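Trainee: Below, each chain spelled out in residue letters.
2 protein chains.
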Amino acid sequence: MYPNSLVKLIENFRKLPGVGEKTAERYALAAADMSEESIHEFSEALIGIKKNLKHCRICGNLSDEDECRICRDTSRNHKQIFVVQSSKDIAAMEKTHEYRGVYHVLNGLVSASRGIMPDDLNIDTLLDRAAEAEEIILATSATMDGETTAMYLDKLLKTHYPQLLVTRIAHGLPAGGLLDYADEMTLAHALSDRRRMG
Amino acid sequence: MYPNSLVKLIENFRKLPGVGEKTAERYALAAADMSEESIHEFSEALIGIKKNLKHCRICGNLSDEDECRICRDTSRNHKQIFVVQSSKDIAAMEKTHEYRGVYHVLNGLVSASRGIMPDDLNIDTLLDRAAEAEEIILATSATMDGETTAMYLDKLLKTHYPQLLVTRIAHGLPAGGLLDYADEMTLAHALSDRRRMG
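Heads up: the sequence lines are chains S and G, in that order.
Quick note on numbering: the first sequence equals residues 1 to 198 in our numbering.
Quick note on numbering: the second sequence equals residues 1 to 198 in our numbering.
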């Protein structure tokens, strides 16, 4: 019923996570009401992430530079590595202002059900980095796949570096809870209550 | 904390109705994971609405052509005009498959509180179209501004065309609506618009 140009935009908004038909319609109609300038800026911003956004070659975090802001920050403790499944977990953690080490982004979790194997994840570089590290904090979500991944990493790391301190963030997170949905207090507690693995 | 290119995209998503910081972040990160092709298509779709989308010169509905699909449809009754505040009301109404007349989009409502006057709306062309019409159905929302606008239009139309049939869509309990969940306005309407049974 909508004109083609609007239908096309609705289809594109529908590709965003959690956006259904009604919401996509609402977004597209709002976009139709925006100024030409705003639409161009929006369009440029979309193109911009493909042009500028890459993964930090040290930790895998999203970055506009070859190395992300955190990895370039010499005031941080580079011997403490907080391992997460995605960049948005870093954003959530940084908001607590409780952590002064660095990060490592796996870009996913080992998942038997979805056929994601350790080889599909950013693990090799973690193993390299671990050679210089004093502590690796495993901060994957408190889900089945998150636990599997943590156990896998713990074993792998200890095989290579028997002396390495490997910890797991505390389960202040509710069972099944996703890291980036947790409030700052919960995350701060989860950090301070971390325990030695194995 | 996010790289600039991502922050920029988050800001643009935040301009959409009902999108807060967390949701905008989720959308931007999902966009970062899309293929270059998808992103270009998305960006083109945004530009496309500014390039192609206009208001039908007859009814004011959003359209890629000078006249919208409904106004060009000769199988519809062009003497019955259903007056709504925005194009999305047309989309909603068409899904019922119950209406075979045409539409008129006001592009807003008369609103004292927000300083929107009748002159700001698409009313002049409605007045022209009413000369040929048999019935004008006022279908603005059951809100204060919707009622004000309906009353204003009824008066205006009757002043110009004393013989014209001007109707108002019924207000009452929504389908499946429970009496004790309805607000007072809805209940008052449901009472005053009651009809004889059988």
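By construction, these hints were calculated from the structure, which means they are not laboratory data.
Certain hints may be false.
Said to hold, decoys possible - If we take Cβ atoms under 8 Å as the criterion, some of the chain S residues that face chain G in the derived model are:
(1) S43
(2) I58
(3) E94
(4) H97
Treat the numbers as computed from the prediction; the structure is a model and nothing was measured.
Glycine included, C-beta positions come from ideal geometry on N, C-alpha and C.
Trainee: Give a verdict on every hint.
Mentor: Hint check:
Interface restraint check: S/S43 against chain G, minimum CB-CB distance 4 Å, threshold 8 Å, status holds. Interface hint at S/I58: violated, since its Cβ lies 14 Å from the closest Cβ of chain G, which is beyond the 8 Å cut-off. For S/E94, the interface hint holds, the least distance from its beta-carbon to any beta-carbon of chain G being 5 Å, beneath 8 Å. The criterion of a C-beta within 8 Å of any C-beta in chain G is not met by S/H97, whose closest approach is roughly 11 Å, and the hint is violated.
The structure fails hints 2, 4 (numbered hints given earlier, in ascending order).
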